[in-house]
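Visitor: Sequence:
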Amino acid sequence: MNIQLKVPKLSCEGCVRTVTQAVHSVDPTAQLAIDTQSKWISVETTQPGEAIREALATVGYPAELPSMLGGHSGHEHRRVEQLDKNEEGGSAEPMEVGEQEAAYRLTMRKFYFAAAVAVPVLLLMLSDYIPGLREASMPYMGVIGIAAAVLSLLILAWSGAQFFQGAWHNFRNHSANMDTLIALGTGSAWLYSTVVAVAPGLFPKASNGMFFDVAVIVIALVLLGQALEARARGRANAALEKLLDLQAKTARVIRDGKEVDLPVEQVEVGDTVLVRPGEKVPVDGIVTDGESAVDEAVVTGESVPVDKRPGDAVVGATLNKTGAFTFRVTKVGQETALSQIVQLVQQAQSTKVPIARLVDMVSSYFVPGVAIFAILTFLAWFNFGSALNLAVVTAVTVLIIACPCALGLAAPMGLVVGLGKAAENGVLVRNGEALETASKLTTIVLDKTGTITRGRPALTDVLPRAGFTAEELLYLAATADRRSEHPLATAIVEGARNSGIDFAEPEAFDSLPGQGVRATVGGRVVLVGNARLMETQKVPMQEFESDVARLSDAGKTAMFVTVDNRPAGIVAVADTIKADSIAAIHALQKMGIEVVMMTGDNERTARAIAAQVGIERVLAEVLPEDKARQVQLLQAKEGSRTVGMVGDGVNDAPALAQADVGFAIGTGTDVAIEAADVTLVGGSLQSVVYAIEVSKATLTNIKQNLFGAFVYNAVGIPIAAGVFFPLFGWLLSPMVAGGAMALSSITVVLNANRLRLFTPKTVEV
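Numbering-wise, the sequence shown is residues 1112 to 1876 according to the working numbering.
Simulated from the structure, these hints should not be mistaken for lab results.
Be a bit skeptical, because a hint or two may be false.
Computed list of lysine-lysine pairs in DSBU-like fashion (alpha-carbon distance at most 35 Å, straight line) [stated by the list, open to error]:
(1) Lys1689 with Lys1432
(2) Lys1120 with Lys1689
(3) Lys1360 with Lys1442
Taking the hints into account, I'd like the entire structure generated from these sequences.
Guide: See below:
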């Protein structure tokens, strides 16, 4: 059973550990996918949802249970992300958008309150910073201290309540996170200062300083940092929000012969929808009447409009450019291609990159380690320092400057932005592990048909014999083939239509299975077919031999045309190479990746195609059941190859699953897409290059984030402990430490957002 839960208090890796432990206390075998950005968790469990909710509530993480989805997809990485949909199954919009804005506003209100109340606290504490004023105010220090204690308590009790509540829940459950450090630091400063204010005689004169200003300023700075961080984190999902914003709000549905404008949520499967030029396609469907060109860049990343005719599929949120057409609705709501893209990206964003495992291990010991280090710092200065307040200041500063959130955000933020950027360009990555592995590929295997080539034959050559023109030969061949359903015949007819040939209906037609067709055109008997047909009809083949050899070397199939048993010429068809395949393959090779072509075609045809696109290594005559074995052999070679596989058909699925990273062409079969780690929505090989480039950029960004977070803590904590005080008299203020702590998280988030500016530089088509 898959249970979707909204956990509003999720914020960092400490929360993730606590939630994971709580769920495993109910079901040790449960599998979790946790997204701290959207506050969603997905649990694969055999236990009821209420039991999971109770366990989470016990550890201080109450959860909402909007839905329970039975079963799962069968793919180990597949997870369905729950979206905000109305009961009719309408448009998808993340539930958390309004909640995030409300949380941001509440945080800002708390900050404004803390900042406003901090002003009188700072004024009261001025005596500690202005020479001579401290001595003059000594008779009133008790009153000043109590007033500052009350004012600062207001800030801690409301603006800082979340930190103390979180710390208390963590204490009860034997865990710790950033809340623990903030609560210990500000709470210790406030408590020590209050005791000094109420009973100053308990401390030596040199140790009766008060730090109410430290407590309130730290709370204010942390709140400001969280608000700015939340706003920046919200921008990290801008790619998905942009996709959702592009959805049509209404649809023009034809019911009972009348056009009715309806909200897109009320459109049902089977409805007929009319789309005029300049309008968005509201939902997914199949064109039933009319022709047009549709801009599908929103889902494929490709800018060239795609021609649509009856029988072609259209996708919701794409833009109709030229003609009007009607289509029959096949998918609505969460089943549409756009919603599936959003769900897949959100699913991937909740996974982890393998490099994050090191972070998880470090984070699990980080907060307890900082607390112990703060205690040791206090004891060291208490025993060897000149005043108790120096020990308090250094211990509090250590607690405040340490920032586990910067570590916790480093990998997830880079992953969220990187996956969103990939989705913008038609690359859907199923999980973080695939993203990291894609950056390390050394070999890519390309299936020929449908990957390098278009996957459907097209007319390439028209070679007339004496007495016939190219136009006449194509007219005869297309007219004869007009009633045939064979793919090669369809290619000839389509080629004639694209050439502007106005061919006619044959007067008589006969299909000759395995050979070709016989038709009567203008009173003449026309044959169009292969060499076997020519042999059967005893048509002399000698004059065709040189052309046939040349066409075969180029990977083309020759179809012979005769008129009244006299050779009229050859029309050739081939599975043509996609427009950007050559440039994409060269780009992969420039990246140091070996490109291998795998096909079931014969060696001669395979070599011809490979030569055209610049591939040297060819695996030809590979049976469908042997494709996975070939990938396995490549992985085993030299013992260190990381192999990617790109394919689109059912017979590619085992190889896609075997590869370290499987890339499925989005125009292919559902089986291939389900077996793959990366889906290329537009069906372009250029998307493979982009996927690898964005994976490298994302991993680089994550490593930068981690390096910055580790260096910040490695340098900041010793300075906070006063390591430079004995030598230079330098002592870090707790207020500066609070600002630095907030800045470290903001820096990680802003650096991750740089990925939004990423553009591929390798592919030049």
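Visitor: Confirm or reject each hint.
Guide: Against the structure, the hints come out as follows:
no., hint, verdict
1, Lys1689 with Lys1432, "holds, 23 Å"
2, Lys1120 with Lys1689, "violated, 49 Å"
3, Lys1360 with Lys1442, "holds, 16 Å"
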